[in-house]
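Produce the complete structure using the sequences and hints provided.
One line per chain: the protein sequences are A and B, in this order. Per this note's numbering, residue 1 is the first one in the first sequence, and the count goes up by one each step. Per this note's numbering, residue 1 is the first one in the second sequence, and the count goes up by one each step.
Please note: incorrect hints may appear among the correct ones.
Stretch-level coverage of chain B by chain A, calculated; a stretch enters the list once three of its residues show a Cβ under 8 angstroms from a Cβ in chain A [said to hold, decoys possible]:
hint: 1; segment: 3–12
hint: 2; segment: 113–122
hint: 3; segment: 429–442
Simulated restraints on C-beta separations [to be verified]:
hint: 4; chain 1: A; residue 1: Glu229; chain 2: B; residue 2: Ile293; range: 47 to 53 angstroms
hint: 5; chain 1: B; residue 1: Leu434; chain 2: A; residue 2: Gly155; range: 26 to 32 angstroms
hint: 6; chain 1: B; residue 1: Val382; chain 2: A; residue 2: Val101; range: 49 to 55 angstroms
hint: 7; chain 1: B; residue 1: Leu4; chain 2: A; residue 2: Gln114; range: 30 to 36 angstroms
hint: 8; chain 1: A; residue 1: Lys150; chain 2: B; residue 2: Leu25; range: 35 to 41 angstroms
hint: 9; chain 1: A; residue 1: Ser102; chain 2: B; residue 2: Tyr404; range: 53 to 59 angstroms
hint: 10; chain 1: A; residue 1: Val101; chain 2: B; residue 2: Phe26; range: 39 to 45 angstroms
Quick list of in silico lysine-lysine cross-link-like pairs, BS3-like style, CA-CA up to 30 angstroms [as the list claims (entries may be wrong)]:
hint: 11; chain 1: A; residue 1: Lys150; chain 2: B; residue 2: Lys124
hint: 12; chain 1: B; residue 1: Lys16; chain 2: A; residue 2: Lys164
hint: 13; chain 1: B; residue 1: Lys56; chain 2: A; residue 2: Lys160
hint: 14; chain 1: A; residue 1: Lys279; chain 2: A; residue 2: Lys259
hint: 15; chain 1: B; residue 1: Lys22; chain 2: A; residue 2: Lys160
hint: 16; chain 1: B; residue 1: Lys5; chain 2: A; residue 2: Lys108
hint: 17; chain 1: B; residue 1: Lys12; chain 2: A; residue 2: Lys161
hint: 18; chain 1: A; residue 1: Lys240; chain 2: A; residue 2: Lys216
hint: 19; chain 1: B; residue 1: Lys5; chain 2: B; residue 2: Lys56
hint: 20; chain 1: B; residue 1: Lys22; chain 2: A; residue 2: Lys97
hint: 21; chain 1: A; residue 1: Lys150; chain 2: A; residue 2: Lys139
hint: 22; chain 1: B; residue 1: Lys16; chain 2: A; residue 2: Lys161
hint: 23; chain 1: A; residue 1: Lys164; chain 2: A; residue 2: Lys97
These are calculated hints, taken from the structure and not from any lab test. For clarity, every value in this text was computed on a predicted model and none was experimentally measured. Glycine included, each C-beta is placed from N, C-alpha and C at the ideal position.
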Amino acid sequence: MLINKSKISCSTLFLRVFTWYIFSNPIRYMVYDYMIRIENVVKKFNGETVLNGVNLEIREREIVVLLGPNGSGKTTLMKIIVGVLRPNEGRVLVYGKEPYVSLEVKGKIGYIPQEPLLFDNLTGYENYMFYASLHGVEKEAKERLENIKKILDIGEWFHKKLVKTYSGGMIRKTNIAVSLSHDPQLLVMDEPTVGLDPNARRSLWDIILRLKEQGKTMIIATHLFEDAEVLADRVIVMYKGRISRVGTVEELKNSIPYKFAIEIEFAAEPDGKILEAIKSCCDESKMLKIGFTYRLLTNDLSIVSTLEKKLSDVSPRLLKLEARRISLDDVYFLITGVRLK
Amino acid sequence: MIRLKTIGSLVKYMLKMSIRSKSSLFWNIVFPIILLTFIVMLFAPKPAGQTTLTGKTINVLIYPETRDNDTMFLAEIYMKYMNNLTFDGTRLFEAEIADENINLNASLDMLRNKTYDVVLFLPKDAMDAMRYNMTVKAKVYVLKGTPNIVDEQLNELSITNYLRETGYYVLIGNYYYTSQEILSNSSKILQAEPRLYPIIKMLETLTEHSWNNTQIEVIDVKPKGVRSEAEIRPYVIGWMVISIIFMQYMFGGILGGSTTISSFFEKRYLERIFSTKMNPLELFIALIITWIISLSLSSVICLAYGIIGLGARFTLSVFSLETLYVVLLMLVGAVLSISIGFTIGLLVRSTEAAGIIANLIVWPTMMAGGFWVPKFMLPESVRIIAEIHPLSMLMYAITYVSTYGHPITMYIEPIVISVALTITLLFICTQIYLRYVSRFLER
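Rendered as structure tokens:
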């Protein structure tokens with residue numbers, strides 16, 4: 001009897017677990033599981049380690065910003081994700097497959113390199129169709145072109161003019177359009193805002209946010225904090241081939257013990273008296289020196305008025321004294337010990 | 001798995017790019033046409049109705065030792081008669097009298113720099129020698145020790161023969177007029193001495209034939225098996241067309257191919273291309289096909305221009321089996337040149353270096369490989385390059401079959417060697433490409 005009861009209990013348990021697995025897995029996949037899984041990736045070039053044990057998971061429909069200076073390994077990591085490079089150790093899985101092995105999964109990835117790498121003697125449309133043909137989706141690409149043109153605000157020039165006659169803005173739009181030709185789920189953008197003026201950068205942010213609305217997952221490499229602040233669902237702080245910190249912008253800001261930054265800028269190198277005056281006001285704060293500027297990271301905004309008073313006594317050459325909320329720039333500096341700009 | 005449709009699309013777009021590139025259009029279309037026109041104009045035999053070869057006219061500078069009336073009169077007589085002599089419509093001599101302020105040394109310098117072929121020096125007693133001794137007296141300066149011995153001999157013999165003839169005519173003339181004088185008084189002489197009759201009779205015969213005692217008829221005989229220049233001209237142009245097409249293979253295939261593939265890597269297009277579903281072999285096949293089409297297009301335009309514009313002819317009929325073989329051999333030539341070009345580009349991996357190395361290979365082998373000048377005109381030491389150069393082997397096989405009408409079976413050996421080399425080189429090139437493509441991306 002006891003044995004019999006135990007048997008029933010085992011069967012029931014098995015049935016429950018099986019049912020839970022069958023029904024929960026698609027939901028689990030859709031909601032919790034990861035689109036990209038980067039497992040302990042190591043990449044070396046000529047014996048030099050560029051990526052050193054990188055682990056990361058990225059969900060669908062997420063915008064992840066890789067933040068780091070040149071040489072931090074952002075571009076290399078992106079090239080491995082798009083399947084152009086192969087890691088020396090570890091692996092990258094996109095939809096469960098390694099992109100540098102599986103051509104199939106490359107059809108789900110769109111790569112927007114920093115240099116446009118477009119063919120000058122073709123029109124934007126021909127470049128678009130050229131890359132669509134490499135994916136073998138020319139017919140589908142033609143059908144989705146109107147929608148892409150709407151998102152990117154592309155005009156007739158796309159069909160009529162050769163790329164070599166394009167302005168910078170036209171090239172950037174074409175560069176994005178080309179990588180959307182095969183309707184990828186994942187867009188990997190390498191420094192898309194480098195060299196753009198503020199207006200162009202804002203319009204690019206707008207495009208990226210519209211693409212997010214379309215359900216795209218995006219990985220964006222940048223060394224500009226504004227990009228991360230505006231676009232990132234999560235920021236990955238990279239430094240010397242490693243991931244130093246991961247989190248939302250707010251999480252990263254909250255991860256350091258300061259809330260405000262006070263910038264004090266002088267016209268010339270401040271002397272000992274000035275330094276003494278500053279130090280006397282902010283024992284609890286962290287002080288950074290950047291050229292003729294001192295940045296105080298603090299939680300106490302009241303020191304601003306004290307500082308102003310003391311400094312006006314000792315330094316007639318004070319250019320700026322202002323307080324602001326702590327930024328990603330400050331966070332990055334505190335995490336890595338280096339400044340990005 | 002190779003996707004043919006994708007390769008087709010890739011080829012289509014790459015050809016579009018090539019057609020829109022002005023430099024590519026120039027080097028693939030305009031340049032071979034200019035080169036062909038230039039070579040045909042310079043070296044092809046002239047069409048019917050035009051004189052192709054003219055006899056040599058010997059330039060003579062008559063240098064009188066003194067400017068007195070007698071010597072100048074003699075110089076002018078020489079000049080007048082020399083300039084009137086022709087052979088088959090070509091003047092034998094182009095004579096002129098040296099200017100008063102030119103000395104003998106300056107005249108000889110003009111001989112040395114080939115302004116004149118001969119300097120005819122008339123000494124101050126030349127007129128007296130002719131007048132009183134019936135002797136032609138002159139010095140003839142001719143250039144000796146040049147590489148062209150035939151020319152030297154021709155100059156010397158022509159002028160000395162002319163002067164000997166002149167001496168003969170002076171003698172005959174004087175003899176004739178003296179004989180006439182004797183014969184006009186022959187009746188008186190015979191009355192006085194009748195035994196002189198046979199001598200007078202002989203004198204009459206001699207005088208009658210003194211100006212015309214030769215009956216030589218020159219009859220032109222054509223050499224056996226040699227056609228007229230006008231007849232062979234279309235086939236020579238055909239030979240030149242094939243030559244230009246192969247030169248184009250060397251420029252476009254080796255030089256263009258090497259720089260294109262290295263620039264493809266240098267500009268990092270591969271990064272973006274290989275982030276798509278494209279696999280490296282598909283791209284390589286597409287590049288090879290694009291290049292073959294591009295070279296074939298250039299060849300067809302050259303051929304059409306040669307036939308329609310310049311009148312080139314071939315011994316092959318359009319729909320014969322040999323024509324098909326020739327077309328296939330042309331394709332082999334294109335693939336061979338592309339393989340050489342791509343191998344250079346892949347090994348060097350820099351557009352600039354690839355251009356330099358390809359030029360270093362193309363120019364000497366083109367000069368020594370019998371592409372610019374026919375193989376048989378090359379020095380023996382250089383001809384060996386033409387004998388072993390695979391593109392040269394192919395070109396000569398095609399030339400002999402399509403312009404000389406030789407059967408293709410005569411050239412089986414060079415054809416087999418060239419085809420085997422082409423296949424081997426293409427295989428090596430593909431292996432290098434596949435091996436290096438990942439390394440390129442890692443740079």
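Now the hints, each set against the structure:
no. : hint                                    : verdict
1   : 3–12                                    : holds (count 5)
2   : 113–122                                 : violated (count 0)
3   : 429–442                                 : holds (count 3)
4   : Glu229/A / Ile293/B: 47 to 53 angstroms : 52 angstroms, holds
5   : Leu434/B / Gly155/A: 26 to 32 angstroms : 42 angstroms, violated
6   : Val382/B / Val101/A: 49 to 55 angstroms : 53 angstroms, holds
7   : Leu4/B / Gln114/A: 30 to 36 angstroms   : 33 angstroms, holds
8   : Lys150/A / Leu25/B: 35 to 41 angstroms  : 37 angstroms, holds
9   : Ser102/A / Tyr404/B: 53 to 59 angstroms : 57 angstroms, holds
10  : Val101/A / Phe26/B: 39 to 45 angstroms  : 44 angstroms, holds
11  : Lys150/A / Lys124/B                     : 103 angstroms, violated
12  : Lys16/B / Lys164/A                      : 14 angstroms, holds
13  : Lys56/B / Lys160/A                      : 64 angstroms, violated
14  : Lys279/A / Lys259/A                     : 19 angstroms, holds
15  : Lys22/B / Lys160/A                      : 19 angstroms, holds
16  : Lys5/B / Lys108/A                       : 20 angstroms, holds
17  : Lys12/B / Lys161/A                      : 18 angstroms, holds
18  : Lys240/A / Lys216/A                     : 29 angstroms, holds
19  : Lys5/B / Lys56/B                        : 66 angstroms, violated
20  : Lys22/B / Lys97/A                       : 44 angstroms, violated
21  : Lys150/A / Lys139/A                     : 19 angstroms, holds
22  : Lys16/B / Lys161/A                      : 14 angstroms, holds
23  : Lys164/A / Lys97/A                      : 37 angstroms, violated
In this structure, the hints that do not hold are numbers 2, 5, 11, 13, 19, 20 and 23, in rising order.
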